[in-house]
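Protein chains in written order, with our numbering: chain A, 1 to 166; chain B, 1 to 237.
Calculated directly from the structure, the hints in this document are not laboratory data.
One or more hints might be untrue.
[To be verified] Under 7 Å between C-beta atoms, here's a sample of chain B residues computed to sit facing chain A:
(1) V6
(2) L31
(3) L38
(4) L40
(5) H46
(6) P48
(7) P51
(8) W100
(9) A105
(10) G106
(11) Y108
(12) R203
(13) R207
[What the hints assert, rightly or not] Covered by chain A, according to a simulated footprint, are these stretches of chain B (three or more residues, beta-carbon under 8 Å):
(14) 16 to 23
(15) 85 to 99
(16) 134 to 144
[As the list claims (entries may be wrong)] Derived pair list, reagent style SDA-like, types lysine to any residue, alpha-carbon separation capped at 25 Å:
(17) B:K143 - A:C20
(18) B:K143 - A:C148
(19) B:K143 - A:G91
(20) B:K143 - A:D61
The C-beta atom is built at its ideal place from N, Cα and C for all residues, glycine as well.
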Amino acid sequence: MAAGATPSQTVGPFFALGLCVRPRDELVDPGRADAIRLGGRVLDGAGDPVPDAMVEIWQADEDGGHRNGFGWGRCGTDADGRYEFVTVRPGGDGAPYATLLVFARGLLKPLMTRVYFPGEPANEADPLLSALTGAERAGLTADSAGGCYGFDIHLQGEQQTTFLAL
Amino acid sequence: MSPLAVGRVRDGAYGAVHPPYLHADYRSTRLRSPDRPLILLPEELHDPTGPVYGDGRLAESDADLTRQHDGEPVGERIIVSGTVRDRDGRPVPGSLIEIWQANAAGRYLHERDRHPAPLDPNFTGAGRVLTDADGRYRFVSIKPGAYPWRNHQNAWRPAHIHLSIFGRAFTERLVTQMYFPGDPLFPADPIFNSVRDPAARDRLISRLDWETTTAEWALGFRFDIVLGGSNSTPLEA
Numbered sequence: 001m002a003a004g005a006t007p008s009q010t011v012g013p014f015f016a017l018g019l020c021v022r023p024r025d026e027l028v029d030p031g032r033a034d035a036i037r038l039g040g041r042v043l044d045g046a047g048d049p050v051p052d053a054m055v056e057i058w059q060a061d062e063d064g065g066h067r068n069g070f071g072w073g074r075c076g077t078d079a080d081g082r083y084e085f086v087t088v089r090p091g092g093d094g095a096p097y098a099t100l101l102v103f104a105r106g107l108l109k110p111l112m113t114r115v116y117f118p119g120e121p122a123n124e125a126d127p128l129l130s131a132l133t134g135a136e137r138a139g140l141t142a143d144s145a146g147g148c149y150g151f152d153i154h155l156q157g158e159q160q161t162t163f164l165a166l
Numbered sequence: 001m002s003p004l005a006v007g008r009v010r011d012g013a014y015g016a017v018h019p020p021y022l023h024a025d026y027r028s029t030r031l032r033s034p035d036r037p038l039i040l041l042p043e044e045l046h047d048p049t050g051p052v053y054g055d056g057r058l059a060e061s062d063a064d065l066t067r068q069h070d071g072e073p074v075g076e077r078i079i080v081s082g083t084v085r086d087r088d089g090r091p092v093p094g095s096l097i098e099i100w101q102a103n104a105a106g107r108y109l110h111e112r113d114r115h116p117a118p119l120d121p122n123f124t125g126a127g128r129v130l131t132d133a134d135g136r137y138r139f140v141s142i143k144p145g146a147y148p149w150r151n152h153q154n155a156w157r158p159a160h161i162h163l164s165i166f167g168r169a170f171t172e173r174l175v176t177q178m179y180f181p182g183d184p185l186f187p188a189d190p191i192f193n194s195v196r197d198p199a200a201r202d203r204l205i206s207r208l209d210w211e212t213t214t215a216e217w218a219l220g221f222r223f224d225i226v227l228g229g230s231n232s233t234p235l236e237a
């Protein structure tokens with residue numbers, strides 16, 4: 001018989017005490033030739049930055065695999081609501097993407113989304129992207145400038161990020 | 001390949017294990033809850049993997065919050081233990097649990113905590129523990145105090161310990177709060193009451209456990225954790 005699950009509760013305002021003591025925002029050495037920066041701002045329904053959020057990332061490595069000890073990161077937002085990971089573009093078959101979970105005071109359970117990479121030919125055939133509307137698709141795709149990928153997370157409103165139900 | 005159909009759901013229209021994103025009594029949810037539909041990811045697109053911790057880099061003091069400083073912290077010493085399982089009742093071994101909490105006076109060691117209660121030089125309030133081969137965990141701490149917050153006039157949080165659990169898949173990831181039995185602040189706490197199903201809410205409350213209570217030393221509290229309470233799972237009968 002299935003047991004009753006334990007409900008989620010907010011991380012609250014003081015999570016950094018337990019969760020952000022050890023920096024985990026660099027999945028790879030920033031000096032690596034194929035290192036990329038992936039980040040942006042977390043914004044609330046009024047467009048204000050969320051300075052007490054935490055973003056977690058989970059992704060495949062450059063070969064598309066999940067080799068042990070690679071693929072997870074965590075970054076608390078700063079006073080401007082900004083987070084940033086140093087990582088690599090996931091490899092393998094199909095459209096590369098990273099999964100993000102957002103935690104914050106005021107979030108009673110995490111928000112889940114995916115970040116796809118712009119200009120990636122495989123995006124056309126991705127089963128999730130091709131099932132979405134243009135606006136929803138745009139809400140899952142990073143902006144690109146040089147080696148930096150920008151992905152702002154709008155929690156609410158007109159520009160709300162496309163979130164996946166958990 | 002024919003295009004996949006994805007469903008869109010409004011939060012709160014399904015499931016009852018987890019709280020909804022918008023719970024207006026908890027003021028901070030008002031501008032931080034999504035108000036557009038959420039995408040229901042079809043089962044075949046779920047990523048079955050998640051980060052695994054088994055590297056044994058944890059120190060013994062990580063699981064004993066009373067032994068991280070030269071002296072002992074003030075407060076009621078407690079032993080918290082339990083088992084982490086999945087929805088099918090299978091133990092989840094090797095899963096990292098991260099813990100953080102206020103001290104006995106209800107104060108967090110955090111720059112944004114403005115509650116004028118004393119910090120304890122012998123208490124940080126953070127710990128980590130891995131579940132063993134049978135999914136069991138155990139840590140030692142002191143009972144946290146209740147503390148005020150600014151949600152509404154005279155708002156006080158019931159005593160609680162924050163727990164973050166990794167689980168096996170990223171979608172099993174759980175951050176929750178463990179409460180203590182019989183707390184008189186329960187009825188007035190919007191965070192506790194954001195869980196609408198009373199049976200699910202009760203699962204957030206630890207129970208006094210004579211088996212782990214150690215004579216002349218510390219009270220034991222048992223808090224079993226079940227992961228994978230997906231909101232998109234149909235309501236339990």
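Q: Would you check whether V6 of chain B satisfies its interface hint, that is, whether its CB is within less than 7 Å of any CB in chain A?
A: With a closest approach of 4 Å, the V6 of chain B hint holds.
Q. Minimum Cβ distance from H46 of chain B to chain A below 7 Å?
A. Violated, about 10 Å.
(Q) Is the listed coverage of the segment 16 to 23 of chain B by chain A valid when you require three or more residues with a beta carbon under 8 Å from a beta carbon of that chain? (A) Since 6 is at least three, the answer is holds.
Q. Taking a Cβ-to-Cβ distance below 8 Å as contact, does the segment 134 to 144 of chain B have at least three residues touching chain A?
A. violated (count 0)
Q: Given the hint that K143 of chain B pairs with D61 of chain A, test it: the Cα-Cα distance must not exceed 25 Å.
A: At roughly 42 Å apart (the allowed maximum being 25 Å), D61 of chain A and K143 of chain B break the hint.
**Q.** Hinted contact L31 of chain B with chain A - closest CB pair below 7 Å
**A.** Holds, about 4 Å.
(Q) Please verify whether K143 of chain B and C20 of chain A have alpha carbons no more than 25 Å apart. (A) holds, 23 Å
**Q.** R207 of chain B as an interface hint toward chain A, with CB separation required under 7 Å
**A.** This hint is violated: R207 of chain B lies away from chain A, its Cβ roughly 14 Å from the closest one there, beyond 7 Å.
Q. Do the numbers back the hint for A105 of chain B, that is, is its least Cβ distance to chain A under 7 Å?
A. At about 14 Å, which exceeds the 7 Å cut-off, the nearest Cβ of chain A leaves the hint on A105 of chain B violated.
**Q.** G106 of chain B as chain A interface residue, shortest Cβ-Cβ below 7 Å
**A.** This interface hint is violated because 12 Å lies over the 7 Å limit.
Q) With a cut-off of 7 Å, does the beta carbon of R203 of chain B approach a beta carbon of chain A closely enough for the hint to hold? A) Because about 5 Å separates R203 of chain B from the closest Cβ in chain A, which is inside the 7 Å limit, the hint holds.
**Q.** chain A contact restraint for P51 of chain B - C-beta distance below 7 Å
**A.** Constraint on P51 of chain B satisfied, holds at 4 Å.
Going through the hint list in order, the structure does not satisfy hints 5, 6, 9, 10, 13, 16, 18, 19 and 20.
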